[in-house]
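Residue numbers (the numbering used here), protein chains in the order written: chain V, 3 to 208; chain B, 3 to 208.
For the record, the hints were derived by calculation from the structure and aren't laboratory data.
Don't take each hint at face value.
Listed next, the in silico SDA-like pairs over lysine to any residue satisfying Cα-Cα at most 25 angstroms (straight line) [what the hints assert, rightly or not]:
1. B:196 x B:176
2. B:118 x V:196
3. V:196 x B:196
Number of protein chains: 2
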Amino acid sequence: MRKFIVATRNKGKLKEIKEILAGMSYEVITMEEAGFDKEIEETGQTFEENALLKAQKVYEALGEIVMADDSGLEVDYLNGAPGIYSSRFAGENASDAERIDKLLKMLEGVEIKDRKARFVCSIAVVFSDDLSFVVRGTCEGYIAFKPEGDNGFGYDPVFYIPEYGKTMAQLDSEEKNRISHRGRALNLMLEELKRMEEKCENSGHQ
Amino acid sequence: MRKFIVATRNKGKLKEIKEILAGMSYEVITMEEAGFDKEIEETGQTFEENALLKAQKVYEALGEIVMADDSGLEVDYLNGAPGIYSSRFAGENASDAERIDKLLKMLEGVEIKDRKARFVCSIAVVFSDDLSFVVRGTCEGYIAFKPEGDNGFGYDPVFYIPEYGKTMAQLDSEEKNRISHRGRALNLMLEELKRMEEKCENSGHQ
């Protein structure tokens, strides 16, 4: 069974990815389980670049299929900020609450119609020496005026989704997996992987 | 007919790409013809990253399918240098001859068996908001002791290919297209594009 390395230290993410890849004949393991424990600096300018550079670094070391992701929040009123800096928006060691606080302050006095935002998740897979792909899942919404809900993490409590009349942090995990940027990106990844494997079977190409 | 934007200013490249895409129903044009004339800085750490970031910048501005490439020479004895810096190896405005000269000096006294090298070409295609791919073509060889041949450009005159007993610059353009890093990457790109388009037809996804 071929190994499928997930470039994450997050056990929750690993579980989710194992579930989505259950139909594929991969042994899904983290990069640490595969013996890679270096820090990778995210020097890219876009989510796609960051995801790809992480996957490439791990692939270079291990030579197995590798996936890596990068995600964040884009707020239109802030010209796309915090974007790729979402997790460092209020400094390297700030809490989710501090990041949310900073965001709400920057949007003080801004009407709901101008608080449009989206969550973005890019997933890169390095499949072989000569083939990589990157998918992007998004979830559109608005920045709420105050945090609501206890599920999820990051900016979820202030990310309001009009179709549900709830914030991301008020959705249960099944709803969230279906409509979230991350759930969508994972589904696109799965589609692509299936096509890659078909190609391999058809052409005998490894 | 959908537009297919080539992020290059090089007319030779455009012609080659038009030929390889002749069977696809695309209108193949350069980014300048499509109205994009900004310089894009190559800030990535790998060929793949640079190709992807260029394609993304143009896609962001134009919203059509975009391809971009990045290529270079990796010399094992120099730990992969000049790599992504191949075109700037002897300074920003140096000539091909100056770059070759610098390379040969750095390999002075190094035996042929230790002069292993490869040309690498990465091509990124941003196909839609949610899907991009990157392919890599390589061509393995050795750095010759002196330049030979007048075809091609860049490091071609010192890139010796044992199977042909010739440098890349001694191959005719048909041979070169068949075995070069660039020819191989273009063929992989074509395969991927065909699969993408099949997917679109099958799923009705744009």
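Here is what the structure says about each hint:
no. : hint          : verdict
1   : B:196 x B:176 : holds, 23 angstroms
2   : B:118 x V:196 : violated, 36 angstroms
3   : V:196 x B:196 : holds, 15 angstroms
Going down the numbered hints, you'll see the structure goes against just number 2.
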